[in-house]
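Enquirer: So you can see what is in the structure, the chains are spelled out below.
Number of protein chains: 2
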Amino acid sequence: MSNPSQLQPVLDRIDADFDNSLARLFTLLRIKSISADPAFAEDCRKAADHLARDIATLGFEASVRPTAGHPAIVAKSSAKGNGAPRPHVLFYGHYDVQPVDPLNLWHRPPFEPIVTDHADGRKIIVARGAEDDKGQLMTFVEACRAWKSVTGSLPLDLTILIEGEEEIGSKNFVPFLEANKQELKADFALVCDTGMWDPNTPAITTSLRGLVYEEVKIKAANRDLHSGVFGGGAQNPIRVLTRILGGIFDDNGHITIPGFYDGVKDLPPDILAQWKKLNLTADTFLKPIGLSIPAGEKDRLLIEQISSRPTCDVNGIVGGYTGEGSKTVIPAEASAKVSFRLVEGQDPVKIRNAFRAYVTARLPGDCKAEFLDHSNAPAIALDWNMKPLAAAKRALTDEWGKEALLIGSGASIPIVADFKKTLGLDTVLIGFGLDDDNIHSPNEKYDLKSFHKGIRSWARILAALAEAPR
Amino acid sequence: MSNPSQLQPVLDRIDADFDNSLARLFTLLRIKSISADPAFAEDCRKAADHLARDIATLGFEASVRPTAGHPAIVAKSSAKGNGAPRPHVLFYGHYDVQPVDPLNLWHRPPFEPIVTDHADGRKIIVARGAEDDKGQLMTFVEACRAWKSVTGSLPLDLTILIEGEEEIGSKNFVPFLEANKQELKADFALVCDTGMWDPNTPAITTSLRGLVYEEVKIKAANRDLHSGVFGGGAQNPIRVLTRILGGIFDDNGHITIPGFYDGVKDLPPDILAQWKKLNLTADTFLKPIGLSIPAGEKDRLLIEQISSRPTCDVNGIVGGYTGEGSKTVIPAEASAKVSFRLVEGQDPVKIRNAFRAYVTARLPGDCKAEFLDHSNAPAIALDWNMKPLAAAKRALTDEWGKEALLIGSGASIPIVADFKKTLGLDTVLIGFGLDDDNIHSPNEKYDLKSFHKGIRSWARILAALAEAPR
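Quick mapping for you: the protein sequence lines, in order, are chains A and B. Residue 304 in my numbering sits at position 304 of the first sequence, with consecutive numbering throughout. Heads up, my numbering is the position in the second sequence plus 1000, with the first residue counted as 1.
The hints are simulated quantities; they were obtained by calculation from the structure and are not laboratory data. Hints are supplied without guarantee of correctness; some may be wrong.
Under the rule of at most 25 Å between Cα atoms (straight-line distance), these lysine-lysine pairs were calculated in the DSS-like manner [claimed, not checked]:
1. K1420(B) <-> K1171(B)
2. K1148(B) <-> K219(A)
3. K298(A) <-> K1420(B)
4. K1219(B) <-> K287(A)
5. K368(A) <-> K1368(B)
6. K1387(B) <-> K287(A)
7. K217(A) <-> K1420(B)
8. K287(A) <-> K1217(B)
9. K1387(B) <-> K1420(B)
10. K1387(B) <-> K217(A)
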């Protein structure tokens, strides 16, 4: 058990050391750890080495651990022998980042971090990974550093687990969990990869949408054709693909794939009432991105559309001639990347099969479809009455001076399901991201306030969790 | 007037000199005269210089002529002073070629020509431009060379006009015609840029479809978005684009754009009867390209679908993430290249505007569409009773031992309209291409037989035209 009187000196230490915290984050942000591109494999290893070395200096037993892909880091800190048993928490983050294209839309090089002013005056850290997830995971590491430096120890036992393949589906990390499940035992998990409700209101995410991500390729003729010679007679795979994808939504924004909504439940009336009170409007949510009309199901609130309802997006499409000027070609094939955000009650395998059946049923006789499965993760609904939640919520409320909310997220963090399935752990999802952080996009940023108060939040949460009933 | 007895020695000379003709074609094919890409501007100039020099050696007054883009070539050969007035013919071809991407689908480098065996045993010349249009234009040049070398002259007066921007819309060549119309006066024009009916049946093309080629870009949010955060709430321009393009065809293959078929006439019953007898089937036309079901209007013959009916093809589409793997992005924009083949009676400007109106009417409130006009050319219907046709038809029939057909082509050769409008010339379209030549595609080829008998055909046509009633 920690001594509550230790908390204030830890918070003071965080404030005093903040410039150094920022410098350490910048060092990490300069490493080009793009997991998707094999050209950056060495950078991924550098990021892992750097983090393990840094965390070891705090007094953790830290090691870089090989996987079949980019390495993971495991670091442990526990009270040795004496005293009552303490909670044991597993913290998870990831050091890998998304690719940076289109590079020409970045205002400055993505791996040269800077603190600058946002249009509305907020101080922001700009770099690939500034939020997702280097900035977020460093809020936790810096909180540990402050505790260790002020008190010589942490208020609870802790395993820090950092992976390098979150952005590419954790395909090699899940087997790593399985192979090391004895070593990774804990009471529950903490993940710092989510967001706040708004820049002043902290939040704990208690539901996450699942993700089915399919690539579909339509093939017609055995080669590219000249549209002057064959146009009108030969089938065009772009025509087929656009016709199929163009039919996925009806006029009211509902998804037309048979069986898509099977198992989807309406929100409990009390939650719906709470969400209505949050009053998320097109003006606050869509206007900053240049839009004004919610694009989802017309009979649903915007907050439902983005967090509790399943969705479909075409994330990429390509076929034929896409360079400058014109070419009168009928291509041999065309392809699209199509993803579905799932909610509780939807079975990802059934959704994937329903999509494939939908496409196949609409193929003209001459065309073939090939499918590639990029992701297949169910939605997560956490137990709203989980014990650590109350302690974490109180700590967040103390730090931000505003009641922390329990919210649903539209995004997917498949690892949460794997923690439950492989390690038997429930997860508490706390993060300090904002909707305008441009994660996965050019000019990714993290509010300086998110980084600073994020560190302070974790310092408080560690204390609160240590004292919480178990 | 030429002496008919001169023809046989000319044909013999063509046969004897054929290896050299092929070597000269290869020299031209090695020049990377891709007009679309500014990086190859110097190669375009090289091709023009080379051709002008070569044609000058035949005794033409030949010059390379600057335009606002790639240069043109004008070469003249006429009897000086003595004898009765002879027909004066303007021959047209182009030395520029299409880009070569996707390069990885070529079996060998596109600018290293080779004679090889087609799967079915035909000898073929493989290279970018082997058919379109270097191979075709050289059939004519080599026929002139044989006439000059055997008889010292040509049987008629001739202007050879070769341009370097056919593949990019002849934007700078049309003003060149206008500026030089006195110099380019002739009785009629010959163009060698079309095809045969089949590998054994020669043809004269008497109608050409027009071409409207539009690029449309749909814009939604002001930046790329994360589909986890915004999916369901934010409009996705790929969804909008696929929905709009996917609605262009109805279930029977008709184009749904209001007004699209305005002015389109049915074929005269006698022509339709002739075409029916040609018995163009899916088995002969589509099977070689791996297809089996005509994709056009279900109530039309396949031969109508590809030559006398207007069509639409999406020639390219791109949006969002198209690399390896997955990225959960909602892109800010998506775009497509959409072309329409037009027939007699359709106004290209009206079609363009109808397409733009169709797209605009289907835009959700939050989206914008931007349009770019790549081509805007009407269909051409030549006079079936034009005098030189009969002579040319007879010459072709003599060479191939099979009645030459008068056919419609699905492709567009906009320069034919410009010859009529600017120079007042009717055009006779004769060429030796085949449907499986892969023009505009990887592994473009020209049958060795097309090249050889093409040269012989032109030698006969020149003689026949000289003797034809005027």
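Enquirer: Now look at each hint and say whether the structure bears it out.
Expert: Against the structure, the hints come out as follows:
no., hint, in the structure
1, K1420(B) <-> K1171(B), "holds, 16 Å"
2, K1148(B) <-> K219(A), "violated, 51 Å"
3, K298(A) <-> K1420(B), "violated, 56 Å"
4, K1219(B) <-> K287(A), "holds, 15 Å"
5, K368(A) <-> K1368(B), "violated, 33 Å"
6, K1387(B) <-> K287(A), "violated, 68 Å"
7, K217(A) <-> K1420(B), "violated, 45 Å"
8, K287(A) <-> K1217(B), "holds, 21 Å"
9, K1387(B) <-> K1420(B), "holds, 16 Å"
10, K1387(B) <-> K217(A), "violated, 51 Å"
Hints 2, 3, 5, 6, 7 and 10, counting from the list given before, are not met by this structure.
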